[in-house]
Amino acid sequence: MTRLLTGLAIAVLLVPSLLVAHHSFAAEFDSSKPVTVKGAVTKVEWTNPHIWIYVDQKEESSAVVAKWQCEMGSPNSLMRLGWRADSLKQGDQVTIDGTRAKDGSNTCNARTVRMADGRRMFAGSSEGVAPTRP
Amino acid sequence: MTLRTLLGALGCIALLTLDVQAQWFNIKVGDTPRNADGTPNLRAPAPRTSDGKPDLSGVWHAQNGRFIGNLAGAAGITAPFQPWAEKVYKERVDNNGLERPSGQCLPKSVPDAMTLPPYPFKIVQTPKVTLMLFEIFVSYRQIHTDGRALPVERNPSWYGYSVGRWESDTFVVETVGLTDKHWLDDSGYPHTEALKITERIRRRDFGTMEIEFTFDDPKAYTKLWSVTVPFELMPDTELLEYVCENERDLPHMVGK
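Chains A and B supply the protein sequences, listed in that same order.
Here the first sequence is numbered in numbering that gives the first Met the number 0, starting from 0 and rising by one per residue.
Here the second sequence is numbered in numbering that gives the first Met the number 0, starting from 0 and rising by one per residue.
It should be emphasised that the hints constitute simulated quantities derived from the structure, not laboratory data.
Source: prediction; values computed, not measured.
Keep in mind that the hints are not guaranteed to be accurate.
Unchecked claim - List time: in silico DSSO-like cross-link candidates among lysine-lysine, alpha-carbon distance up to 27 Å:
1. B:K89 <-> B:K195
2. B:K86 <-> B:K218
3. A:K32 <-> B:K180
4. B:K180 <-> B:K222
5. B:K127 <-> B:K195
6. A:K66 <-> B:K255
7. B:K89 <-> A:K32
8. A:K57 <-> A:K37
9. B:K222 <-> B:K86
The following block holds chain A by itself, in its conformation from the complex (with noise of 0.2 Å):
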C-alpha cells in the first residue's frame, strides 16, 4: 500500500510536466477537433521521441477499415509513470481520446486510451503548451 500510495504521489507530481513535447503541440494539431478512435491495436512503436500506436477502426454498418495513427508521450515520461513496452499490444481493443493533425490525415495525438477492461490510461499529450505571448 505503501509503494502504491508513492506512486500515486510520484504521478501527480509528474503528470503535470508531462504536457512537453519535443515539438510544437500546436503546428501538429488542431485543439478544437477532439477525436474518438475505437478499435484494434495493429502496432506499437515503443521509441523516442514519441510512442506511436495504429489501430484499424471499423467504420459503423460497414466493412470500411479507417487506419489511424496516434501519437503519445515519450518512452521515458510514460515508463517513469509505470507504463512498460508491453502495456499495449496488438491486438488490444482500445478507445483513444485525443485532437485530430491539421493536416486532415487519420493522425492524431492521444489524451488518453481507456482498454477494453475499462481502465483509463494517461497518454501524455502534449496538448496545452502552445508558444503563446509574453
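Use these hints to put chain B onto chain A, whose structure you have.
Relative to chain A, chain B alone:
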C-alpha cells in the same frame, strides 16, 4: 488538464505502480540523506565536496514547465528585444513554433535542455570540470573549472564553451559561442552568436537548486535580462536514454 484526465492518470498508476521497482527507476543512489522511514531527506543541507565547496552532483529537473513554455513570461518580464529580434519572435509564435529546432531532433541547449521538466539532467562535479548530462537527445556540456579562459576563436556550436568559478557558495558559469540556430525556449526567443549567458547556480539544500540565467546579447536585446529558474532533485533514480530515432511528426507539421 481536466480533473477527469488526472483521475484517469491516477487510475493508470494505481494499476501499474507495482512494476516501478524494475530497471533503475527506483534505486538507492549514493550518499542520500534519509528520513527514519528510509525516504530521501530532501530538506537536508546541501552536500559539500572534500574541498568544502557545495556539491551540485545529482539528477535534476525543472520544478515546472513554465520556463520552457515562455522563458521571459514565466519570470513576469518582457524581453528587451531589438526590433528585428521581436519580429522574429512574433513570427515564431504566430507560426506555432513550427520551426522549433528540437522538432527536427536538433539539440536543446542552455537553458532549454535544463528547463524541460520531463527530461532530467545529471550534474557530475569534479575539481577541474563539471559535466551536465542531458537526457533529451543524449547530450552533454562541459563546464571547465581548471582556470582556462573562454576561447577567443569560437566555432559556433549547440552547447558553446563554458567556464566556471566559485563565488562563495555560488557556482558562476559563463557560456559563449552558441549557434544562432538555437532558441532559448520552446516559444522561440532568438539570439545571435554574440550571446553570453551567465548562470549563477545555488544548491539551496539537498533537494532544491536555483539558477539565475542572465542573457547578454546586445545584437538581439537592448539590455541584459535575467530569469531565475527553480530545480528539484530527482532522488533514487537515473537518467534514461532518449535517442530521437523515430521522428514521425514532421510530415504533419503545418504551423498556423
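Outcome of the hint check:
1. B:K89 <-> B:K195: Given pair B:K89, B:K195 holds - Cα atoms ~23 Å apart, limit 27 Å.
2. B:K86 <-> B:K218: 14 Å, holds
3. A:K32 <-> B:K180: With a Cα-Cα distance of about 32 Å, the restraint between A:K32 and B:K180 is violated, given a limit of 27 Å.
4. B:K180 <-> B:K222: Holds, at about 21 Å.
5. B:K127 <-> B:K195: 22 Å, holds
6. A:K66 <-> B:K255: Distance ~26 Å between A:K66 and B:K255 Cα, so the pair holds.
7. B:K89 <-> A:K32: 25 Å, holds
8. A:K57 <-> A:K37: OK: A:K57 and A:K37 at ~8 Å, within 27 Å.
9. B:K222 <-> B:K86: 17 Å, holds
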